[in-house]
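Kindly generate the complete structure, drawing on both the sequences and the hints.
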Amino acid sequence: MGERGMQIKADLNKEGWESSDFPLVCETCLGDNPYVRMTKEAAGKACKICDRPFTIFRWRPGAKARFKKTEVCQTCAKMKNVCQTCVLDLTYGLPVQVRDAVLAEAAASGEGGAAPLALTVPQSDTNKQWFAGQHDRMVAEGHADSYGKAQINEKLMRLSRAQPYYKRNLPHKCTFYAKGECTRGDRCPFLHEMPTSRNDPLANQNIKDRFYGQDDPVAQKMLGRVAAKDAEDLAPLIPPSDPSIMTLMVGGMEGGSITEMELRDAFYAFGELASVRLIHAKFIAFVEYTTREAAEAAAKALHNNLTLQGLRLRVTWATRPAGGALANSSTSSGSFAMYGGGGGGGSVSAAAAAGGGAGGGDGSMPSPPSTFPPLPPPQYMPALPPSNWTPGTIPPPPPGGPPPMRHPPQQYMQQGGALSLPPPQQPYYPSMDPQRMGARPPPPPPTPGAPSRR
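For the working numbering, add 166 to where a residue sits in the sequence shown, where the first one is 1.
These aren't lab readings, by the way, just hints derived from the structure by calculation. Mixed in with the good hints there might be a few duds.
[What the hints assert, rightly or not] Below, in silico cross-link-like pairs of lysine-lysine (BS3-like), each with a Cα-Cα straight-line distance of 25 Å or less:
1) 333 to 374
2) 374 to 294
3) 345 to 321
4) 395 to 466
5) 345 to 333
6) 294 to 235
7) 206 to 345
8) 466 to 321
Quick caveat, the model's predicted, so the values are computed rather than measured.
Below you can see the structure in the form of structure tokens.
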């Protein structure tokens, strides 16, 4: 064997290993701490998609969060435009299956044209290694990824969260707590909650299904909700049968700061407005018209067609509470049935306000009675002591007063009329009962003149 026989040759595959200085993560995984500290390990683990070594980053998003690390390499993350940790879309924070389904629907209807640009990543070992190398070459040459060319989709914006969801960074559930064996209490670093059932589809999740967008239980749940919501939105808005209802309810104002003037500008074109009320605690508003025709025209034109400050608002009819009257929106504090208002009360009829007639079956407020029944005589009224009363003596009770005392006060009277307290009594304990076995009777009183025992 020559001198080159034991030579360590260079590994051609090692040249394609990834080396990065910062991970590609979303704002939720990064946490709310702006001074997060990370540990970095070059080629510390293989990617869970392409099985190539990549740089591992590990950090703690918050004080009460668990430690997180990157799961896929940056090459695979750039293919699908996802986070390296949670494998959710970096733009919308949604699963890949939901994003691709909505973009394909938009491309089919001619709205976006982003679905033909979506990448279909191969799943076989040989093809995904070649595809990863080709994608790295395209990125190095300056070609942008396909998802970056897609326009902002309005439907995806409605499905996405307005704020980061830091609850996703909480610790995992404690298995010892589920068994009833955790003894660490508040010192336990894991979450003390009961786990979900094994039959729950959300209990079986993996990174590959989320990355490829196939059989993702979270995405299937979201798509089911979207389909139900689309079917509800496509249904026509039926006006209520009561012609006195002229109020519309506007919902979906979470994440914005919509003002009353903006609502008036959006609704005044359909008729004269009686009032506009905003309930900031519930993110809803009530718009009342002076005529029923104007309210119906606004409901027909703005149902699923009202967008303010980038938020798509919901316009529906304000329903009447069960068994009550629809109060005036300018005077009441929310009397609508579907949002927990007070039922029908608070308004006074014109006849009652003018003072004409007592209340009856017409719904007017009854007049107060002119006379009231006399109060019953008191059972006992304490009387003042007589004028000839001497301090230090007990005055006689008044006629019809309280019952006499259990012990007559005369036995506590001394010579000269002074009062004396009753003699103290010896406390009694069950062990002093002579009928009980092992009881110790009280000692007899000492005999006068007898010597004391010490």
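For each hint, the structure was consulted:
Taking the CA atoms of residue 333 and residue 374, the gap is about 23 Å. The hint holds against a cut of 25 Å. As the CA atoms of residue 374 and residue 294 are separated by approximately 13 Å, the hinted pair is consistent with the 25 Å bound. Between the alpha carbons of residue 345 and residue 321 the distance comes to roughly 43 Å, so the proposed pair goes past 25 Å and is violated. Pair hint residue 395 plus residue 466 holds up; C-alpha atoms about 18 Å apart against a cutoff of 25 Å.
As the CA atoms of residue 345 and residue 333 are separated by approximately 24 Å, the hinted pair is consistent with the 25 Å bound. Distance restraint check for residue 294 and residue 235: the Cα-Cα separation of roughly 23 Å lies within the 25 Å cut-off, and the hinted pair is therefore satisfied. A threshold of 25 Å between alpha carbons decides the hint, and for residue 206 with residue 345 the separation of about 36 Å lies outside it, so the pair is violated. Only pairs whose Cα atoms come within 25 Å are accepted, and residue 466 paired with residue 321 is accepted, the gap being roughly 21 Å.
The earlier numbered hints that this structure contradicts are 3, 7.
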